[in-house]
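Protein chains in written order, with this note's numbering: chain A, 1 to 121; chain B, 1 to 121.
Think of the hints as simulated: they come from the structure by calculation, not from any bench. Beta carbons: idealized from backbone N, C-alpha and C, even for Gly. There could be a bad hint or two in this list.
Partial selection, computed: residues in chain B whose CB lies under 7 Å from chain A [unchecked claim]: (1) Ile15; (2) His31; (3) Val78.
Here are some, though not all, of the chain B residues that point toward chain A, as calculated from beta-carbon distances under 8 Å [as the list claims (entries may be wrong)]: (4) Asn7; (5) Val52; (6) Asp59; (7) Thr61; (8) Phe64; (9) Gly70; (10) Glu112; (11) Met113; (12) Thr114; (13) Ala116; (14) Thr118; (15) Ile121.
Restraint-style ranges between C-beta atoms, simulated for each label pair [claimed, not checked]: (16) A:Asn109 - B:His18: 31 to 37 Å; (17) B:Glu92 - A:Asn109: 26 to 32 Å; (18) B:Glu119 - A:Glu91: 35 to 41 Å; (19) B:Thr114 - A:Asp108: 40 to 46 Å.
There are 2 protein chains.
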Amino acid sequence: MAYQSINFTEKLSLIKEHWSPRIIAQMNDYHFKLAKIKGEFVWHAHDDTDEVFVCIDGDLTIEFKDGSVGLGPGEMVVIPKGKEHRPVAQEECRILLIEPAGTVNTGDNPGEMTQARTEWI
Amino acid sequence: MAYQSINFTEKLSLIKEHWSPRIIAQMNDYHFKLAKIKGEFVWHAHDDTDEVFVCIDGDLTIEFKDGSVGLGPGEMVVIPKGKEHRPVAQEECRILLIEPAGTVNTGDNPGEMTQARTEWI
Numbered sequence: 001m002a003y004q005s006i007n008f009t010e011k012l013s014l015i016k017e018h019w020s021p022r023i024i025a026q027m028n029d030y031h032f033k034l035a036k037i038k039g040e041f042v043w044h045a046h047d048d049t050d051e052v053f054v055c056i057d058g059d060l061t062i063e064f065k066d067g068s069v070g071l072g073p074g075e076m077v078v079i080p081k082g083k084e085h086r087p088v089a090q091e092e093c094r095i096l097l098i099e100p101a102g103t104v105n106t107g108d109n110p111g112e113m114t115q116a117r118t119e120w121i
Numbered sequence: 001m002a003y004q005s006i007n008f009t010e011k012l013s014l015i016k017e018h019w020s021p022r023i024i025a026q027m028n029d030y031h032f033k034l035a036k037i038k039g040e041f042v043w044h045a046h047d048d049t050d051e052v053f054v055c056i057d058g059d060l061t062i063e064f065k066d067g068s069v070g071l072g073p074g075e076m077v078v079i080p081k082g083k084e085h086r087p088v089a090q091e092e093c094r095i096l097l098i099e100p101a102g103t104v105n106t107g108d109n110p111g112e113m114t115q116a117r118t119e120w121i
């Protein structure tokens, strides 16, 4: 049987909008999501879970209320459960997110950037 | 406060042995581990959990009893719970593993490649 790997670059080519994650894989009850981001997201926290950001390509900053962390290609960070954060990217950046299935992108701060449903690609 | 990203290349430079994963991050009850691999690992399965392989650098093949999947840089695969598999790399390959904390590298097939304890770097 021919099994298929999941290629980040190929999957990212299917994503057109910024701040609109798409699911590419499931491990137990966790989803792996790819996203293209540019500009400033909204401040939010995830009250029930940690969240992982991996930078695939480009640069992003994740702002916290008491500091920030910069991520370049091949770097990751764990956002602790309940910690307010805001991702920001001056230029388009491509990221991998890992979080429990059902985690809402805007966490505790719903609004116009909230993605009601996260599609698979 | 200055937060620190986790850089895969920097962390990998700290690993000397093949087939000896090191923990670099924890998200909820999951560990992120880096490893350098070369040659053939042992056939095994993880009866209680899926497992994710991400290829950072190099090429590997994950053999199954009924086929195989090849991974190059920027590619990942989810090994389903209970599925027998054997990672193989002709040349040194650097990988990121994501699995529940406490998952043993050789799964249901302990032996001389079993890592009794997985250290943080």
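Practice task
Mind checking the CB of Asp59 of chain B against every CB in chain A and telling me if the closest is under 8 Å?
Solution key: Hint violated; Asp59 of chain B Cβ to chain A Cβ min 11 Å, cut 8 Å.
Problem - Residue hint Gly70 of chain B, partner chain A, criterion CB-CB below 8 Å - result: OK, holds: Gly70 of chain B within 8 Å of chain A, min 7 Å.
Practice task
Would you settle whether the hint for Met113 of chain B is holds or violated, based on the nearest Cβ-Cβ distance to chain A being less than 8 Å?
Solution key: At about 23 Å, which exceeds the 8 Å cut-off, the nearest Cβ of chain A leaves the hint on Met113 of chain B violated.
Problem - Hint validity - Glu112 of chain B Cβ closer than 8 Å to any chain A Cβ - result: With Cβ-Cβ at 28 Å, over 8 Å, it is violated.
Handout entry: Interface hint status, Ile15 of chain B versus chain A (Cβ within 7 Å)
Key = Interface hint status for Ile15 of chain B: violated (15 Å vs cutoff 7 Å).
Handout entry: Range agreement (Cβ of Asp108 of chain A with Cβ of Thr114 of chain B, hint 40 to 46 Å)
Key = 42 Å, holds
Practice task
With chain A as the partner, please determine if Ile121 of chain B meets the hint condition of a C-beta pair closer than 8 Å.
Solution key: Result: violated, 14 Å to nearest chain A Cβ.
Handout entry: chain A contact restraint on Val52 of chain B - CB to CB distance below 8 Å
Key = 5 Å, holds
Exercise for the section: Verify the interface restraint on Val78 of chain B: the C-beta must sit less than 7 Å from at least one C-beta of chain A. Expected result: 5 Å, holds
Exercise for the section: Starting from the hint 26 to 32 Å, judge whether the C-beta atoms of Glu92 of chain B and Asn109 of chain A obey it. Expected result: 44 Å, violated
Problem - chain A contact restraint on Thr61 of chain B - CB to CB distance below 8 Å - result: 10 Å, violated
Problem - Thr114 of chain B as an interface hint toward chain A, with CB separation required under 8 Å - result: Violated, about 22 Å.
Going through the hint list in order, the structure does not satisfy hints 1, 2, 6, 7, 10, 11, 12, 13, 14, 15, 16 and 17.
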